[in-house]
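Construct all of the structure, not just a fragment, from the sequences and the given hints.
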Amino acid sequence: MSNSSAADLASAGSAPSAPAPLFRRILLQGKYETLAMIRNGEQLILAVILPLLALFGLTVTPLLDGLGAPRVDIAVPGILALCAMSTAFTGQGIATGFDRRYGVLRFLSTTPLGRTGLIAGKILAVLAVLALQLAVVGAVAAVLGWRPDPGGWLPGLAMLVLGAAAFTALGLLVAGTVRPEATLAITNLLWILLGALGGIVVPAVRLPAVASDLAHFLPSGALGEAMREAFLHGTFALPQLSVLLLWTVVPGAAAVRWFKWN
Amino acid sequence: MRSPESPVLSIEGLIKDVGPLAALDGKMLRVVNGVSLHAGRGQVTALLGANGAGKTTTLECAQGLQKRSGGSIRLLGEDPDLAGAALRARVGVMLQDGGLPPSARPLPLLRHIAGMYANPLPIDTLVERLGIDLFSRSSVRRLSGGQKQRLALAAALVGNPEVLFLDEPSAGLDPQSRQIVFELIAELRDSGMGIILTTHLMDDAQRLADYVYIIDGGHNVAEGTVAELLQHGESGKDGITERTLSFDAPSGLDLRTALGALAEGLVLSEDRAGSYTVTGALAPEHLARLTAWWAEQGIMPASLRLEARSLEDVFLDISGRDIR
Chain G
1 MSNSSAADLA
11 SAGSAPSAPA
21 PLFRRILLQG
31 KYETLAMIRN
41 GEQLILAVIL
51 PLLALFGLTV
61 TPLLDGLGAP
71 RVDIAVPGIL
81 ALCAMSTAFT
91 GQGIATGFDR
101 RYGVLRFLST
111 TPLGRTGLIA
121 GKILAVLAVL
131 ALQLAVVGAV
141 AAVLGWRPDP
151 GGWLPGLAML
161 VLGAAAFTAL
171 GLLVAGTVRP
181 EATLAITNLL
191 WILLGALGGI
201 VVPAVRLPAV
211 ASDLAHFLPS
221 GALGEAMREA
231 FLHGTFALPQ
241 LSVLLLWTVV
251 PGAAAVRWFK
261 WN
Chain R
1001 MRSPESPVLS
1011 IEGLIKDVGP
1021 LAALDGKMLR
1031 VVNGVSLHAG
1041 RGQVTALLGA
1051 NGAGKTTTLE
1061 CAQGLQKRSG
1071 GSIRLLGEDP
1081 DLAGAALRAR
1091 VGVMLQDGGL
1101 PPSARPLPLL
1111 RHIAGMYANP
1121 LPIDTLVERL
1131 GIDLFSRSSV
1141 RRLSGGQKQR
1151 LALAAALVGN
1161 PEVLFLDEPS
1171 AGLDPQSRQI
1181 VFELIAELRD
1191 SGMGIILTTH
1201 LMDDAQRLAD
1211 YVYIIDGGHN
1221 VAEGTVAELL
1231 QHGESGKDGI
1241 TERTLSFDAP
1251 SGLDLRTALG
1261 ALAEGLVLSE
1271 DRAGSYTVTG
1281 ALAPEHLARL
1291 TAWWAEQGIM
1301 PASLRLEARS
1311 LEDVFLDISG
1321 RDIR
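First to last, the protein sequences are chains G and R.
By my numbering, the letter at position 174 of the first sequence is numbered 174, and the numbering carries on one by one without gaps.
So my numbering is basically just the index in the second sequence, starting at one, shifted up by 1000.
Worth flagging that the hints you see were computed from the coordinates, not collected in a lab.
Treat the hints loosely; a few may be bogus.
If the Cβ cut is set under 10 Å, some of the chain R residues that face chain G in the computed set are [as the list claims (entries may be wrong)]:
(1) LEU1065
(2) PRO1108
(3) HIS1112
(4) TYR1117
(5) ALA1118
(6) PRO1120
(7) VAL1140
(8) ASN1160
(9) PHE1165
With a straight-line Cα cutoff of 27 Å, these simulated DSSO-like cross-link-like pairs (lysine-lysine) come out [as the list claims (entries may be wrong)]:
(10) G:LYS31 - G:LYS260
(11) R:LYS1027 - G:LYS260
(12) R:LYS1067 - G:LYS260
Owing to the predicted nature of the structure, the values given are computational and were not obtained by experimental measurement.
Think of the CB as a built atom: it goes at the ideal place given N, C-alpha and C, for glycine as much as any other residue.
In structure tokens, the structure reads:
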């Protein structure tokens, strides 16, 4: 704190205050949130380590045998769906819940970023982390012998993005309506429940009867099935597409309506 | 009500209802009920009031963080509820709870926020000025209250705003931080910034504010410069100015010997052993007689203090002395 700098501050800002361009603001926020997610250790376990462990588990056990394709080819699309749930639902939900608690959302919404820029930045961060997960899981899967249908990439990636949108909407809905501790509990519990019994990595036909019926209508089951349809057969799974759209629009609208910023 | 020539903020008849609340059988609670105020450029305007008076809600409505239920707000000539990025860039906000992510480190956080603006202030200057360089390697959660407040102030200033909102800026400040922050606020005011702050501390208002609005129970109850508010009521009771003179001297003085020297209506008492007060409409001749009495008795007081009304007295007179 030198006195010489005292006058500098008042005279330093002679240029009129103005916002940076919208595109740059969203890009900056996306980058900031991406780095925050990657640097968070628990987040990394949920986003990369656990999905990779699940991938190994499904390729060394006979759980997926007899479904008409090699174990790894059935496992990998579901693992990618699990990655989307980790990042968009549990990760982003918990981060947003605590940001809300600490007033970070309120402060950032008073800057030129604003509320819409903040949400756009979060979506961008989810997509960026998802791309990193795709690269890591894809590389490991290739070593394990994954040979996806080349025509599966277009429907697969489209479904993955739609699934991420549905889980982001759900994550924000939870984060914006209950306390952060409750968000932490709910999103982690649902991650385990949906991961094990939601038809995301283990196809619905291999689940207990009740879970199997239910899984078709869950975002987890719809995304898992849509990913397997894409990478095993190169097709767009239309019934699953409509289920996912519903899970994006309804929680999205609910989040817009009930999200509490403070 | 005064109207500054170029108000940065004008609020007329602000109303804010919250709820419905279960505690009120599902009814709405009116937390702001008709606050009006004007804040000018190059001025510090203070909203003074007890906790729960409606200061923060008023500020948050002006910042666009809460939607008002009634009344009008013009922030730099615009409605804050419809504000775009261009308006937000001209307004800096320091929230009561800081609003900074606990895991962030000061410098990357400030750089990130600076990126939201086209013409941010140089971060190095800001950081040096607020002494943030001394703790720039710690994460926000490890900072002291004063350090957090200084960082929050830097975050509010980094876009070089024309209007600055400070919600309880001295909360948690240690004496050094307080000095740094108050000097900077005065400087920014002198450079033409319009500063609006809330406080429940009289001392803050007395030291910083050019104009004070006293808020109580969701509406303004008094306003004026600090000097005007101090005059208000000073000659209120029958035109008499109440003052208190206190002095410390050996205990057990025979006060009867002094009573003849003092005028009627003055009360001399020994409140604690060796601690005396004289209260009433003290005039210069009373002081002369009091010192003459000390000379007679061979008393040299260890300390001597004369107080007129403080802003605190004015505030308590206006908003009541009940504990809420």
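Hints and how they fare:
| no. | hint | verdict |
| --- | --- | --- |
| 1 | LEU1065 | holds (6 Å) |
| 2 | PRO1108 | holds (8 Å) |
| 3 | HIS1112 | holds (5 Å) |
| 4 | TYR1117 | holds (6 Å) |
| 5 | ALA1118 | holds (4 Å) |
| 6 | PRO1120 | holds (8 Å) |
| 7 | VAL1140 | holds (9 Å) |
| 8 | ASN1160 | holds (3 Å) |
| 9 | PHE1165 | holds (8 Å) |
| 10 | G:LYS31 - G:LYS260 | holds (24 Å) |
| 11 | R:LYS1027 - G:LYS260 | holds (19 Å) |
| 12 | R:LYS1067 - G:LYS260 | holds (13 Å) |
Violated hints for the displayed structure: none, as all numbered hints are satisfied.
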